Structure formats: C-alpha cells, structure tokens
Amino acid sequence: MSDSEYAIELRHISKHFGSVVANKDINLTLRKGEILALLGENGSGKTTLMNMLSGIYKPDAGSIYIDGEKTLISSPEDALKAGIGMVHQHFKLINVFSAADNILIGSSKGSETHALLRKSRYSQVNQIIHDFGFELDSRKIVANMSVSEKQTLEIVKVLYYGAKTIILDEPTAVLTVQETRKLFEVLKKMKEQGHSIIIITHKLNEVMEISDRVAILRKGQYITTVNTSETTEKELTELMMGRKVDLEIERPIVEKTAPVLEIRNLSVKSDEGNIALDDVSFYLRGGEILGVAGIAGSGQKELCEAMAGLRKIERGVVLHKGENIAGASPEEIIAKGVTMSFVPEDRLGMGLAPSLSIADNVILKKYKQSKGFLLDKKRGAREAQEIIDKLEIVAPSVETPVRKLSGGNVQKVLLGREIAIDPNVIVTAYPVRGLDINSSYAVYDILNQQKKTGVGILFVGEDLDVMLALCDKIMVLCHGKLMGVVHASKASKEEIGLMMTGALNTVHQKRGKTAGIAKDSAIVEDEIIYQEEEVNV
Amino acid sequence: MSQQEPLEVKGLRKQINRGKNSLAKQFHLVRKSRMKLWQNALYILIGVVVALAIGAAILTSLDISAIDYYSDMFTIGLVGNAYPERAIENFLVSYVPLLITSLALALSFKMRFWNIGGEGQFLIGALTSAVIAIKFPGLNPYLMLLLMSVVAMLCSGVTGLAIARLKTKYNTNETLATLMINYIALYVVTFFGETKADWNFFLRTDSERPKFTSFTKMPFVEIGDFHLQISVLVTLLIATGIWFYLRYTKQGYEISVIGDSRRTATYAGMNVKRITLRTMFTSAALIGLAGAFTASSSGCISTNITNNVGWTGIIVAWLSKLSIPGIVLSSFLITILQFGCRSASSLYPSIDSHFADLLQGLILFAVLAADFFANYKVVRIMSAGEKQEEQHEDKKEVES
Amino acid sequence: MRSILKKMLGVALAASLCLGAVACKKKDSKSDFKVGAIYINSQNDTSGYTYAHHKGITTAMEAAGLSVKDDLIIVDNVPEDDEAVRAAIDTLAGKGCKIIFGISFGYINAMDAAAKDYPDIIFSHGTGYLSNDTNFNNYFGRIYQARYLAGIAAGYKSLELGNNNIGYVSAYGTEYAETCSGINAFTLGCLSVNKDATVHVYELNTWGDIEKERQAAQILIDTYGCCVIAQHCDSAQPQLVAAEKGFFGCGYNSDMAVDAPSAHLTAPVWNWNVYYQLAIETARDDAKNFMSKVGNYYGGLKENFVDISPLTENVPAPAATAIATARELMVKGEWDVFSGVALSFDASGNMTKSDVALVTNDGTEIVAAGGASVEDGVITGSMNYFVAGVIQEQ
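Chains as they are written, first to last, in my numbering: chain V, 1 to 537; chain S, 538 to 937; chain W, 938 to 1331.
Chain V on its own, in the form it takes in the complex:
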C-alpha cells in the first residue's frame, strides 16, 4: 500500500461527445476511507465522469491516479484490477441465477472456471456478506429479490472482486427510507474498514447525512469540493445551480370541492397477469394534490393506466364526477367529455409522439374535434405557440420534433397540452423524473396553478421530501394494496416508509372511517354490490 493520501486522483479529465462537452478539465480527489458525495444537476457530467473511472468510457484528455500511481483504465476489467467497482443505477444481474452465481460468473477465467460448480461457493460468498454486515442469502435467485437486495448483491459483487473504491450511482433512488438507512449503515461500515466511496446523488439531505466531503459539478465542470460539516443544503444548492435559489415548494391552501374522482375496490392485473392493484379505494377532490407513494412497481403504473382506460379493469368502480368510466376505452373517455389529463411515466413512449412536431403533439387529444377529413394544422400550431409562450418552452419553432427538446421542455409540452383542455383531473406519474432542479420547480408551479383553479391532481412520485412538501394528502401503495392515506402536513417520512414496505397498514385502524372513502361519496353502496355481483357471475 502506497502512502498516498488519495485513493483516487483525477487530473485534467475531459470528455467530449461530438460537439458536446460532457466533462471539461476536471480535477477531483478521493481520500482513503472517506465517503465523497458527487453532486450536480442532471447533465452536469457526474455519470460520465464515473463511467471513465470504471472503464466504460475513456477520457479524451487527462489522467487518473490510483493510490498515487498513474493508471490507464481502458475497460471495466482494468478498473476492477485497479480496485474500482461501480454499482450502476440499472442493475446488471442475471435474473435466473443465484446471488453467488451472479458474483462468480464474472470470474470464469483460468483456474477459477470451476468456482461456479463448487458447493463451497455459497459459504464463500456468505462470508463476505457477513463481514460487511449485509443481509443477503447467497442462494437466493435474483428474480425473487427485492430492489434493495439486488442492490446489495451488486455491492457484494464489487467487494468480492476486491474493490477498494466503490462508486454508487444514485443508489437511493430505488430504495425506501428504511432501506436507505440500512444502506447508509453498510456504507459507514465499509468506510471503517478502509474503503473509499463515491456516491452520486442529488438528494441534499442524504448528502448531508452520509458524506464526509461533497464535490460539485456544474455543466461538465468541476466547481469545488467542500467538507460536509462546514456547509449547508442551501450553500450546496447554490454551488450546484451557480446562483441563489429558493428551495421551498409552495403548498397553497385551496378550498376543496366534492370528490372529482372516486376509485372504489379497484383491481387490475399487470402485463404479466399478476394482480397489480388489489381492491384499492381512494378519492380525489378538486383543489387538492393527492400523492401516490410506493416502492417502484407497487402498482402505480397500472393505477394510472387503468384510470386512462389503457388497462383492463378486473373489478371496481372509477367514478368521474359521478359517472362510472371503468371499462371505457380512451376514445370513449375522451368522447364522453371526461377531461382527465394523464401525464404518463414514460413521456416519450406514451404521452407524446417524439418524431412529430410540437404542434402535432399538442393537437393529439383533440384532432378529432375538427370537422371533416382533414387535420386542423393551424389550430395545432396556434395552440402550440400559446403553450410555448405560456410555459416558456425553449424551442426553435412549433414545427420542431419533440425528441429534439430537452427533458424539461418535453415535460412542459406534455403538461401544457393536458392543461390546455381545461381538465378537472390531472394524473401525473413521476413528472420531474430526469429533470433538473429548475425544470422540476417549474413543473411544481404548473401543478399548483392548476390546483388553485380547482383541479384535482393525482401525483405519483418517488421523492418523499418533495411529496411531503407539495401534496395535500399522500396515499401509499405496497404490492398493489392500499396501505393508507395520510395528511402530508401531519405525516412523517418514517411513517410513510413503513407503509411503503407494508410494515404499517392504517387503512382499517382509524375508528369509524375507512381510509380512501369520502364522507360525501357519490357512490351509492348498492352500486358497488351490483358491480361485485357482476364480477362474480
């Protein structure tokens, strides 16, 4: 072991993709045995930089020093040899293999070839798991693992190959609060054992909690590194944004109307035919934002699709202003004059036609309204221009294909279109995913504006801090079941986290009142019985 102070030192690293500068002259140091948070907005070059450390890209210029020695990393194997392991946002695991086999398959070289066949492989892997205090069964098949377990496996994998430096790319994005806490404990333990850790994240509270130092990137450039103990969230944000920002998310108080949307006993199947939503009931009033929280894949996607008429409803009632729209096709829902805007999870894949122009995308939901055989192109162009002006969308013209816009502008086009039809319900799924802070706040503003006009908003989110600040109420799903509906102003993150994992179920605990059923419900009890009977036949 060399006596260099730094585990990793990056000097003058630059990387270009065509004419785009991803990283420019970056100098960064990672001390031995520290946790360094790498902070930056989307597109600031964090992932690119780390990909160069892990051998996926190679820098155009500059050099990497590991343990004080200049090292050339030209492949992921090189990175591993140099003691660098990366845990990517998207796991690279084989679903049908056990944990141990997923780890050992990478070692099928030379004399190690038979490692995969030895029974001792399980105890071998278990040893590492115990050494670091992980909770994982080396015999468990990946397909049966939770997201958190998969992530643990990825970490064990890089440790198995002797990584001294571990890079984690947004590890908490997929975890619950409890799981995050557990991860942080493990990271601290690893740190104690002399490992150095780089954690990429944009959640400031986590940065403050776990890291020793914070390195900040902005627009591909290295800004500075600060000691976590000597900084504040506000300062970090300013460094990250390059200017002062107000981090407060507004929650205007609006007078609530009667429920605009009531969901009762909704059951829906997933693409694979499993039960995705199991007997879920809730309601949404005008002038409120109802958050939907849950671990990824708890039925959020299916819920949104069922409401938009895109997914078959197995059982239950979807009451929109007193009219049951369950079972109607999107065409019928639109034709009935039901204005329910749906901002889907996969914006380009579902809400928009990426190769078509902004104008053509704006007219998407009302192209049938004009009379005759021809498409009303003028209307599309006019409304697109209105949306561009109103939401300050950066686009060369209304004829620009949507796929050429940045993520924030794409989201604005989508929201703009949905708002333009004067909806009384907006359903949004992960509307700020992949957006930078500015764009995210613009989206929150737009939603709040709608809320003020009396629109009911269903907000499927992933960042609990944001949801607690923005939403009026939060309903929590776990494995397709409703765990309860809480008031955002009264709830704690811990409580919601417990509900997300299914450890806490508040649905039937409140005396005299079942969560998810409005006092002034428009649903007549007979109607529900009728629905159920129909299903039973």
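Simulated from the structure, these hints should not be mistaken for laboratory data.
Please read all numbers here as calculations on a predicted model, not as lab measurements.
One or more of the hints may lead you astray.
Unchecked claim - Estimated spans, in silico, between C-beta atoms of each pair:
hint	chain 1	residue 1	chain 2	residue 2	range
1	W	1261	S	762	37 to 45 Å
2	W	1148	S	713	21 to 29 Å
3	W	1057	S	741	22 to 30 Å
4	V	505	S	717	54 to 62 Å
5	S	725	W	1284	49 to 57 Å
6	S	728	W	1319	16 to 24 Å
7	W	1294	S	735	27 to 35 Å
Note that beta-carbon positions come from the ideal geometry of N, C-alpha and C, so glycine has one too.
Knowing the structure of chain V, use the given hints to seat chains S and W on it.
Then chains S and W, alone, in the frame of chain V:
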C-alpha cells in the same frame, strides 16, 4: 444527452487494446452536428461517383469505354435511338409499378407494420385483374381498366386485411405472414401457368405448350408517336394523393402517431387496431393496383410480372426515409439505373445484364455509406495514458 | 424530407455530369445491318441453351461477314414475361436491329405482337409455332433424327454389355412434345438394334437443376440397373455419373466426350449456326422475301441443322455402319423415324426394313404398318405419348 452518446467501436477497441500496457489508440464513431443540405448532397454525390468509378474500372478491364456505357445508361438509351418514344414508354411502364408499390409499402412502414409481401400482393392483383380481362374481352377499355383495378385492389387488399387481422387479433408476426403470402401467390400463378386443362382459361388455347394467354392492353393517350398509358397519369395522382393524405388528413396523422408510439396513440383515443387494418388494406390494395396496371399494360401475366418491385420497393422506401417526394424521386432514379443499365449492356457482347445488378448494388451501397458518413465520423482519440506518456517525454527532453 | 430530395438531386447531378461530358460521343458502327437477340439466360454462359444459341449466332455472323462486336445487340436474362420481352424488343428496335431472334418459347406473345408494330424488322422465334406472311417466322429442328442415331449407338452398347436396361434423364416427359419426341426417337433407335431393350425415363420437371440431374442418373443406374444413360437436360451430370459408375451414356447439346471421355458414346447436337446464317444473310440481302425464302424453318440431318457428335471409342464398331445407313435414308428423305416402317440392324450393322405399326406403350396404334410418317406438327406440338419400349419411372 443520449443523442450524442458515441457508438463505441467495441470490437475495434478490444483488438487494439490487447495487453494492459499497450498505448491504446481508440477509434470512435461520433455523430456529427447536423449538416447542411448541400453538404449532405455532396456526400451522396461523392458516394455515387466512387461507385461509378469502380464500375468504370470494371468496364475498362473488359475493354469497354465507360464513358460510352454511362452515357447510354443515364440517357436510358435515348441518344441515337430509332424509337425513343418506345424507350420512354417502357421506362414509364417499369416506373409505374415500382412507384406505386414503394408508396404503398411506405404507408405501412410509416405505421411500423412490416409489409414485406409486396411481391405476393402484386401477383394477387395481377392474377385477379387478368380474370376480368380474359373473361370480359368485349368491354370498353376504360371500363375494363377500372374493373380490373377495382377487383385487384379488393382481392389484394383483403389479403392485407387478413394479415393485419391476424396481427391485431393474435399478434402474429406480420413479417412472416406477408413473406409467406409471397410464395403462396407465386405458386398459385405458376400453377395456373403450367396446368393444361379445359377449365384453365388463363392459358392460350392454340399452344401445345402451356403459355399465358394475352388480353386487351390498357388504353393510352396519343401524343404524336408517344403513347402515354393511363396508368402513368393515375399513378401521379396517387402519389400526390398519398402525400396529401399523410400530411394533411386525420388518418395520415393517425398513421404517424402510431408509427411513432403505439401507446401514445392508444392514449390519445385512437383505435389502433382499426387504423392498422385500414392502413394495411390500403397498402395491399395499392400494391394490387400496381399488379393490375402491369397486367393491363403488358396485356398478359407471367410469374415474372412483378419484376421484383415488392423487394425493390422496400429499398426505395427506406432509401427515401419514407418521404413521399423522396420515393417519387428515388424510384425514378432506380428505374433509370435498371432500365438504362439493361439498355447499355445490350450493346456489348462481353457484358451481360448482371452487370446492371452489380452497378445498381454498388451505387445503392455507396449511397447508404455516404449517408452514414454524412452523419457520423470516425475519430481517433489519444487515451489519457498516451497523452501522459508524451508529456512525460517532453519533460525529459527539457530536463536533459 | 427535403434532405432526401437534395440527395436525390445529387445523384441526378452525378448522372448529368457524366452525360454532359459525353453526350455527343457515340459508338461508330461499321455496318447498318444489326442483329438483335433476346436470351433467356446470360450471354456469358459457358454451357447450356443460351450458350448454344449465342455460339450459333456469333458463328453465323462471322461467316456472313458481320462484326459480332459492333453489329450484334443482345438483351439477355429476359424472363418469359410479355412486358419484359416487349421492352427488350423495343430496345433492340431502337438500336436499329433489322432482325431479332428470340430463343425462348415464352417470348411468343410479345414477338407476335411486336411483328405487327415493327413491320420493317424481321422477328424470328425459336421453338415457337406462330408466324405471319411478312416478318415473323419460327424455327426449330428435327433433333429427333439425331436422337434416333444416338439410340442406335446405345442399342449396340447394350447388346455388347448384355444389359437391356437403358436410362434416360429428361427435364420433362409427355408434357412437352419436344422432350416426348426425343425420348420416343431414342427408344426406336435402341429397338432397331436391340429388340429387347427398355428405356427407363426419369423426369425432372425442371429445365435447370444440376443436383436433380445427377441424382436421376444415380437412381437409373442403381435402382433400374441401366447401363447407358441418355439425357435431355442441360448439364453433363448424367454423363459424369455414368463415368463414375463405369457405365456409358449419350449426352446432349454438346460433345460431352469432353466431360466424360470414358463413358460417352455420342450426343445429339444442334448446329444453330446453320439456321442463323441462313436467316441473317436472307434478312440482310433480301429481307422482302424472307418468309418465302426461309419461312418457318424446321431443319434436320439433311440441312446439317442437327447431328450427332463424333462416335467415341466406347461405341461398338458396327454402330458406325448402321448409323451411316440410317442417316443417309433420312438425309435423302426416303425414311423418317415416326412412320409405319421400322429399321433393324444386325450385329454387323446390316439393315433390314420392315413394315411395323408405330404403337404406344399402352398399345394404341399411332401409325399403321407401312404407313407414312406422322406430320411435323405432331412432332413439334402434340406428341404426348411414349412408344412401346419406354417405361416412365418418375
């Protein structure tokens, strides 16, 4: 961001990077910033010139003047032709089916419905229209053409509809289904062409050997010596119509949205299944029409009647990136290439018509390559280590 | 969309550049008389049907004092599709051809129609049956006469080997009069020498499948014990198989002794140049009387239009005498194959003539004993039966 991400030439890199200490040289394919139109055109031009130069080298090695050959080829043999009007007529007769078929294929491709059954749908159109022509020889030629067209479009369209229905109902693979129809149609035509029997009205009755019978050809407009077949005029109308349809109508809009994102279309309340059926019917019906036109313009059918337009049409549609004016132009140029090459080769006993295929392949390949290099460039990038090494050496020099 | 337009413009520009440079320069021709030909396969073939015709036309043109390089215009690989044939004819007409040969049967409709549209051009159609009075004829030959002679050679070989089984690989059987008459003539030739001979016919149902041709010969030898393999198909595979197995064979179209010297006896061959020279010279010198001078051409041994290749050493000696005798009868026009008179040859090649009815292999009488030869139209068109002695195996 993802747009600019480079395609790493992994194989190349692996080869070059063998051994840990080798000073690696890297080659990347990097997407260029958007080119101006004339720059793009220049690339294509260079590609074509390179292809023609290779062709010229082959011609010269066969002791043939490339200049003579190319001049005859690009004028489709019009210069010094005793009957130039016939050459233009024949050119149009090959152009019409290719154009209609390419347009029709583009229609389904635009919706990401992979109709590769152009050959089969063409044959179905030709065969069924021939039934009308043979069975009702006394009809007014215009009425006959109309009737042939309608029958061919219906029969071929229904075939397309059936395949689309299989797709929407059972999610069968339309590529396989359309491909298989090609062979079924071909063997049906072969069966009628080779089976001598009293019921087989497709065959000449005076011939001992089986031979398809002839029927009345389509009417034409006489312009001096030049005979302009009605199908040419109809085809130009169809091309304009499809352009208008895709660009300005709701149905065309629906096709674009479905092609871009099926789920978006569903979400927008489009009946994707119905639109798929409708579009595939139109596509197949148009190809059937091309078959009827060809049968009517030659006054006979044969197993070779398609002249491979079902396949060539796919190339045309892709080469034009599904743009309608692009298809009109590129099918025109491909016909010039095919027709001109054949005309030019006839003059030289040492060159057979396979040279036309060779040259056509060279040019298409060159155009595609040019298109690629217009959008990407190969750059060699010095690795970090290499740069370091160089700097190190520099230092040494300074020190000494 | 517009970028595509530009690209296409680029291609057009390239085209016009090449054009502009050379538009005025054209090939000089030495003679105004140009010969046009439409081939079913490639003019650069080195064997097969198209090759035989191409060789015939070039030989004839040289003999007629024309330049193949400058005066022969060919459109090749033309499928039997009226549209394609018409385009080829228009191309040839446009280049100034005065006579156009079409070698494949399927060209018939298009040539018939074109003859009306181009009255100044002579259309000559190989293997066809249509014609007119002024500028459209057809041509074919009495290849059956040559096949009869080849049958004599095969008959002597079977006597020598003491094996009466003779094989015949044929593209088609009774569907085509051309193949049917060939099989019959060959069989009658065999029977004239060996009364007990049986010709086993194996039909391929295709004109060009080398692998099938090879397999057919193997089956005929292995399954039916054939000692001589005759053929009506393009490739030399049946002869090669016979050579490999130590047996013998009669080729077709060219002297296949080149391919299988140890097996080959003789092969019926075409001298297409005989007709082509006659047609080209007449068209050049006296086009107006083409139909009266050439007309529908059906040449045989007499015109030297068909023949057999030189007998190899594999042929038993008396065959030469017998073949010479039969040939003389046919050249003089005293006797023909499909008639009520049968020839028979003894072991030393001496001939006896006798009146025997021509009977099919299912016993139907076609020509009564002593009757005259069947009409040419039957031989070229409607013959659809096998004579006694033929067994259709496949």
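Can you tell me whether the CB distance of residue 1294 of chain W to residue 735 of chain S sits inside 27 to 35 Å? This hint holds: roughly 31 Å between Cβ atoms.
Quick one: are residue 725 of chain S and residue 1284 of chain W within 49 to 57 Å, going by C-beta? At roughly 56 Å between Cβ atoms, residue 1284 of chain W and residue 725 of chain S fall inside 49 to 57 Å, so the hint holds.
For residue 728 of chain S and residue 1319 of chain W, compare the CB-CB distance with the range 16 to 24 Å and indicate the outcome. holds (23 Å)
Range hint compliance [Cβ, residue 1057 of chain W to residue 741 of chain S, 22 to 30 Å]: holds (27 Å)
Indicate whether the distance between the beta carbons of residue 505 of chain V and residue 717 of chain S respects the range 54 to 62 Å. holds (55 Å)
Is the distance from the Cβ of residue 1148 of chain W to the Cβ of residue 713 of chain S consistent with 21 to 29 Å? holds (28 Å)
Using the Cβ atoms, figure out if residue 1261 of chain W sits within 37 to 45 Å of residue 762 of chain S. Since residue 1261 of chain W and residue 762 of chain S have Cβ atoms about 58 Å apart, the given range 37 to 45 Å is violated.
Violated hints amount to a single one, hint 1; each of the other numbered hints is respected by the structure.
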